[in-house]
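Given only the sequences and the hints, what does the whole structure look like? Please build it.
Letter by letter, the sequence shown follows residues 18 to 268 of our numbering.
In short, the hints are calculated from the structure, not lab data.
A virtual CB, placed ideally from N, CA and C, is assigned to each residue, including glycine.
Don't take every hint at face value.
Label-pair distances were calculated between CB atoms; the ranges are [said to hold, decoys possible]:
1) E240 x G123: 19 to 27 angstroms
2) S88 x T162: 33 to 41 angstroms
3) D105 x S249: 32 to 40 angstroms
4) A211 x E119: 29 to 37 angstroms
5) E129 x P253: 23 to 31 angstroms
6) D82 x G222: 34 to 42 angstroms
7) L161 x R97: 18 to 26 angstroms
8) P239 x D82: 42 to 50 angstroms
9) G127 x P253: 18 to 26 angstroms
10) A197 x W113: 32 to 40 angstroms
11) G123 x H149: 31 to 39 angstroms
12) R200 x L90: 42 to 50 angstroms
13) M130 x E101: 36 to 44 angstroms
14) E129 x Q193: 38 to 46 angstroms
Calculated cross-link-like contacts (lysine-lysine; reagent style PhoX-like; alpha-carbon spacing at most 20 angstroms) [unchecked claim]:
15) K248 x K235
16) K216 x K248
17) K216 x K235
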Amino acid sequence: RLHKLEQASRNRGPSLAAGASARPDEPEENHDSVDELLLDDEATLLSLGEAADDTVAATGEDVDDLFSPISRLPSYAVSRNAFERLLDYQRIGVEWLVGLHERRFGGILGDEMGLGKTIQVAVLLRMLLSSHKLLGPVLVVCPLTVVSQWVKELHVWAPQLRVCVYHSSGTSSNYQALIASVRNTPAAVITTYATLTLKCDELIGANFQYVILDEGHKIANPETAVTLAAKSFVTPHRLILTGSPIQNTLK
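This is how it looks when you write it as structure tokens:
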């Protein structure tokens, strides 16, 4: 089943800027933890199911592999194997994201393209799930061209997290069933900016704990429909990812 996911993602991995070292090998994918469903004929429309093992699904991780990488925040634990595979600057980014979560602050993760912002967010979500701090669903909004990349990276770096794609080519009944299934549960729902604008009222009903905007410059204009839709969510945590932070404003 998972060969469809590999075809959809096209094995695209983030490139590194000049001077950066190559990324270590990625953690081994947990091929038994998820199911996928290819919707219509678009390779990016995938739905990943919950982990099969009840114990792992409940804790998020193998307890023997968990450790607390942030000394000042010992209640946050994650897989040692996954964390040690991050590059140094990615570990710093994850620690910063965890600090934002602890303080209930929003933030903008601005870095050059290809340096692993998606991976840092995936490890953040894995840590929150392992630490029993991810109590509700997460909404990830991104361009359609990178939906499959988000699915792939979440599958690799946060394999115990349920991942769903909410796309405008689905039917209304499927939308309602998906929203009902993720409400008040740890899960990642990936959608596009166009779908966010069209289906905002339905998405709000999921009571998201996080809203994460990839390519955050899409809401640079405060008067556009997509910006107003993004701002309509009442969530305790918000993140923006962008490869062009200088072009953005706090407005």
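* Asked: Range hint 33 to 41 angstroms: satisfied by the CB atoms of S88 and T162?
  -> holds (39 angstroms)
* Proposed proximity, K235 with K248 (alpha carbon, max 20 angstroms) -> holds (13 angstroms)
* To do: Please test the hint of 42 to 50 angstroms on the beta carbon pair from P239 and D82.
  => Holds: the Cβ-Cβ distance is about 44 angstroms, inside 42 to 50 angstroms.
* Keeping to a limit of 20 angstroms between CA atoms, is the pair of K216 and K235 held or broken? -> holds (17 angstroms)
* Please test the hint of 18 to 26 angstroms on the beta carbon pair from G127 and P253. => With a Cβ separation near 22 angstroms, G127 and P253 satisfy 18 to 26 angstroms, so the hint holds.
* **S249 and D105 - C-beta distance against the hinted 32 to 40 angstroms** => About 38 angstroms separates the Cβ atoms of D105 and S249, which means 32 to 40 angstroms holds.
* To do: Please test the hint of 42 to 50 angstroms on the beta carbon pair from R200 and L90.
  => violated (28 angstroms)
* Taking the CB of A197 and the CB of W113, does the distance hold inside 32 to 40 angstroms? -> This hint holds: roughly 34 angstroms between Cβ atoms.
* Asked: Does 23 to 31 angstroms hold as the CB distance between E129 and P253, or does it fail?
  -> holds (29 angstroms)
* Per the hint of 36 to 44 angstroms, is the separation of the Cβ atoms of M130 and E101 within bounds? -> violated (25 angstroms)
* **Given hint K248 paired with K216 - CA-CA distance at most 20 angstroms** => Roughly 14 angstroms separates the two Cα atoms, so the pair holds.
* Asked: Within 18 to 26 angstroms or not, the Cβ separation of L161 and R97?
  -> With Cβ atoms ~35 angstroms apart, the hint is violated.
Figure legend: structure checked against the earlier numbered hints; hints not met, in rising order: 7, 11, 12, 13.
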